Amino acid sequence: MLIDLNVRVPTLESLESFIEMGNRLGLTGFATFLQRKTPFETLDSGMNLFARTDLPESGLRSAKATLKETRSRSAIIAAPLRGIDMANWAAEDERVDLLTIDEPLKDFILRESTAKLAASSGTALEVLIEPLLNSFGLARSKVVKVLRENVQTAIDAGMQVILSSGAKVVMSMRSATAMQYAGLLLGLDWHYAKIAVHESPQYVIDRNRKRLSPNFVSPGVEIVQKGELE
Amino acid sequence: MKIRRRRYLRFCLHRDGDPPSEKQLTREIRRNLLSLYGEIAVADSRLYLTEYNEDSGVGILQCNAALLEKVITSAVLIGSIEKTLVSFEPKKTSGTLKGVRS
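Sequence lines, in order, name chains A and B.
Going by this note's numbering, the first sequence opens with residue 1, and the numbers climb by one from there.
Going by this note's numbering, the second sequence opens with residue 1, and the numbers climb by one from there.
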């Protein structure tokens, strides 16, 4: 399965065009902010839609409240990599799936300690390709600098990196191969870039599908058969 | 004389608007290559479009084998050509035209 974990479909009306483009690019699913009936949904066209929630940047308290409220309704929970308190809390909390580097990029610094916390709790660093498409020359060199530094910190700490398009318009979506090449620019080698595009997003989705199932109790413990006590 | 190996790439250019011409597409790839990797990369790339169908967006480009990765990365990061939003999709690479077409 090829999954893009961050497609910012602006309206329900435009969803169809994103699905069509996803099919043309060979995607099997993508995560979107649009409210859906269930966290995991398979459409008639075969495309999978995953409900995604991004925690607010406004403060730790509101982020915690939003997490509590939305975890059971979201296939993906992402927190912005902004501010030490927010980043460290999100990196440590196993309910948060991704630490996202979003625009504007200048405040995004992944600390080594944060990356180590994230690596131990299974939180991945999500890098968006869209800022690279919308800038050029010196402005793009600044974007590349921030992304490359953060990616290197994550890799050194053993934190998984995930590449997403972050597409706000249909034409910002990219095929898996295209994303892999963009990963090379960010300092990933070809093999790691393939994992960041093909395997890691699938792993996060599978993990959360299991966690949100009614039989899940805690990591490593699930109900396999129900019986009656004698 | 040193023999430089060539490499071919089959691609599809998805677009939202008027189709970019062959010249516009080549210019934009070179412009991105120059911006990301510099003048030496553009000079050594020997980048040409071998085939390109404006309507379908399907085409084949050839370049210096040593710079293939950089050429594709530059093409992938093109967001728009003139005022047309585009998405460059690399399909297949090969050392021969016959191979890239199959």
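If you're looking for bench data, these hints aren't it; they were derived computationally from the structure.
You may find that some hints are simply not true.
[Said to hold, decoys possible] Footprint (simulated), chain B over chain A, 3 or more residues, beta carbon under 8 Å: (1) 19-32; (2) 132-143; (3) 166-175; (4) 181-188.
Just so we're clear, the structure is a prediction, and the values are computed from it rather than from any experiment.
Quick reminder that beta carbons are idealized off the backbone N, C-alpha and C, glycines included.
- Query: Within the region 132-143 of chain A, is the number of residues with a Cβ closer than 8 Å to a Cβ of chain B three or more?
  - Reply: holds (count 6)
- Message: Quick check: do three or more residues in the region 19-32 of chain A have a beta carbon closer than 8 Å to a beta carbon of chain B?
- Response: holds (count 3)
- 8 Å C-beta criterion, at least three residues: is the region 166-175 of chain A covered by chain B: This one holds; 7 residues, not fewer than the three required, reach chain B with a Cβ under 8 Å.
- Message: Three residues or more, CB to CB closer than 8 Å: is that satisfied between the region 181-188 of chain A and chain B?
- Response: holds (count 4)
Of the numbered hints given earlier, the model fails none.
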